[in-house]
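Enquirer: Since chain A is already given, all that's left is putting chain B on it; use the hints.
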Amino acid sequence: MAPSRFSLKRQLLLWLLLPQIVLWLAGAVFSYRLAGRYANEAVDAALLQATRSLARQVKPMGNGLLIDFPRAAQDVLEADPSDKLLYTVSSPPGQFILGNRNLPSPPAMPASPPLGQAQFYDGELDADDGRPAAPVRVAALYLQFGENPKAQQTMLVQVARSSANRELLARRLLIDTMLPLSVLIVLMSMIVWAGVGAGLAPIMRLRRLVEGRKPNDLRPIELDAAPQELRSLAQAINDLLEAVRHNVQGQRRFISDAAHQLRTPLAGLKSQSELALAEAPPGPLTMRLARVHESATRSAHLVNQLLALARTEPESVTRQTPVRVDLGRLAREVTAELVPRALQQNVDLGYDGPDGDPDCLSASQLEERAREAGMPLDDAPERPVEIVGIPLLLREALVNLVDNALRYAGRGARITVQVHRARGRAELVVTDNGPGIPEAIREQAFERFFRGTHEGNGCGLGLAIVKEIVERHGGHIALSGAQPRGLRASISLPLAG
Amino acid sequence: MNLLLAEDDAILADALCEQMRASGFTVEHAPNGAVAQYLLAKQQFDVVVLDLGLPMVGGIEVLKQLRQTDASLPVLILTALDSLEDRVAGLNAGADDYLTKPFDFPELEARLRALLRRSRASKASTELGQLSMQRETRSAQVRGEMLELSPREFDLLDLLLTHQGRVITKEQINQAWSGDRAGNAVSDSGAATNAVEVYIHRLRRKLEGAQVAIRTVRGLGYLLELERA
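The listed protein sequences correspond, in order, to chains A and B.
Quick note: the first sequence uses this note's numbering, first residue 137, plus one each step.
Quick note: the second sequence uses this note's numbering, first residue 51, plus one each step.
Same shape as in the complex, but just chain A (with noise of 0.2 Å):
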């Protein structure tokens, strides 16, 4: 059997099922031999009944034999054409005096045949017009006659039934003790079914929580009310899990422990850098600074955003607790804090939500805000947007949404960020007008280290982060074109109820 074919159920069933199968055709076999015996025994008694009741009716005469025979007795014997009697009385050795000469002789004549005693056997009778031979049942009788006790001859008196009637009645009793049977199998099928499937059940739900897992989810699995043989697999399963998240967070820990290590030295590294790029003449040296000092600002980088990510993980998630944050305000503040470095690299930034400084809007996004409250200006509502999640993890998504936008649309851009309620959900967008992502890409722009460009200098982990923190809080994230160019990145996430 293939290994992906073996089915611990399928296993239970064959073996449970099977038992009832062969019980059902034992019985089947073993009722139908009943049926057919108790059918012959009755059978039996009517010919031999018969076979005595002819054998009177021959009287010895002399040496001959006298029979009274009448001819109503003989219609009566004969009237039912499907289940007639046949008769014959002969004197062996063949000597034909009465009846059907057609009937089968008994099976051997034997030596001293067992006088006054029926014989029954079953033979077959050859038609004389050709039709198939009858299965028949017989009664042979052998009698002695003669009035001289010393030359008594001996008389067989045959009488045949077909059986055509008996097998019907077999075949009746069969069905008539079968039907129940198969009903009572069917039955028990289905319960034996349901048992093995509510027996099973646990072991489907313990697979249901072993598959619907995600890899990094390493929680130990609790199985309520299952029996002692899959609690202690559980329990197996549960320590190996226990002994992986042992040794991942051994690892992450040694990851984010030697990034920690690595901060000081690299702030050592960007600061002379940036210090001896200052200082230099210009030349060809003050170039090789200049490279020194973007790996030093590169390496910074990177080693931060592995921090960060290292944050998103459960371990570090679970630690706090969710609180309501007004998503509008947090991103007015993430904002103001960028503007600066906004403003250094020439790009306009700025925030558009329902909470926004409607003053320091263009007359153009206001009109657009009044189309979309359909009310007049001035009395938009300012109902905060609030969600409910860890304000430090969302900070870290949300300065990374704009830092990628910072990073990758060039300078003079224009950045956009914006907070609004979009069909009961939380939105989030940044939108910039900048070179976009082409759409082929766009799905692996959330894969660690994947970088679409090789303009800018990110380490490709940003969206990564973003996406980390967005799916901790039940939210998605989705990158679209922006009109007439650019990208647009929106992070749903559910209200806070």
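I should point out that these hints are in silico values taken from the structure, not numbers from a laboratory.
None of the values given here were measured: they were computed from a predicted structure.
A few of these clues could be false.
Which residues of chain A face chain B? A partial, calculated answer using Cβ under 8 Å [stated by the list, open to error]:
| hint | residue |
| --- | --- |
| 1 | Ser407 |
| 2 | Pro476 |
| 3 | Gly489 |
| 4 | Leu528 |
| 5 | Arg531 |
Built from N, CA and C at the ideal position, the CB exists for glycine as well.
Expert: Only chain B this time, still in chain A's reference frame:
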């Protein structure tokens, strides 16, 4: 401005000292917590940059002891530790700001200047470009020429200058005004925001030639910066 840098990494400390001196600070360097405590006891500083992982006496300990004698000296923690617990511990011990390594020096400098401005907001004069302002006399000059400013205009300029290079919101402006002795109470928010617009407009005109610009930041507020060439 006297600055104490408590940092045990010699290479980083060396570069930082240089950069800070270039930015106009007078820098003392303490390579460990004990030296930092000694210097803090002996000298007057305007601001402290403190590493948490200092040898001998830890940064948090230095900070806690400092706060017992001086509650107002601005302290910026500069550390490789960035977990929430570390931040909370640092801020609870009395730090005014928290910056993680590695960092951009301009960022550090901006934060230090912000701390200094905040700590000396009541006494000092502030300059930016051709603009100078004295809080004591509530006066401001462009190229040495006295500006005529209403109390509200002065408060607005003060706020912008104190937070130069950073975004200030209308709420912040209205807050500053509501604490204004001479300002009238603001009747409603609609009128208030309109008023902000009006005052920004007036201030922009008065600051012409000062080589500073009040930028409007879409949806957020305003920001004062040096005029770009």
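Enquirer: Run every hint past the structure and note whether it holds.
Expert: Going through the hints against the structure:
With a cut of 8 Å, the hint placing serine 407 of chain A at the interface with chain B holds, because the nearest CB-to-CB distance is about 3 Å. Interface restraint check: proline 476 of chain A against chain B, minimum CB-CB distance 5 Å, threshold 8 Å, status holds. Taking 8 Å as the C-beta contact cut-off toward chain B, the hint placing glycine 489 of chain A at the interface holds, the least distance being around 7 Å. With its C-beta approaching chain B no nearer than about 6 Å, leucine 528 of chain A sits inside the 8 Å limit, and its interface hint holds.
The closest approach between the C-beta of arginine 531 of chain A and any C-beta of chain B is roughly 11 Å, which is over the 8 Å cut-off, so the hint fails.
Hint 5 from the list above is the single one not met by this structure.
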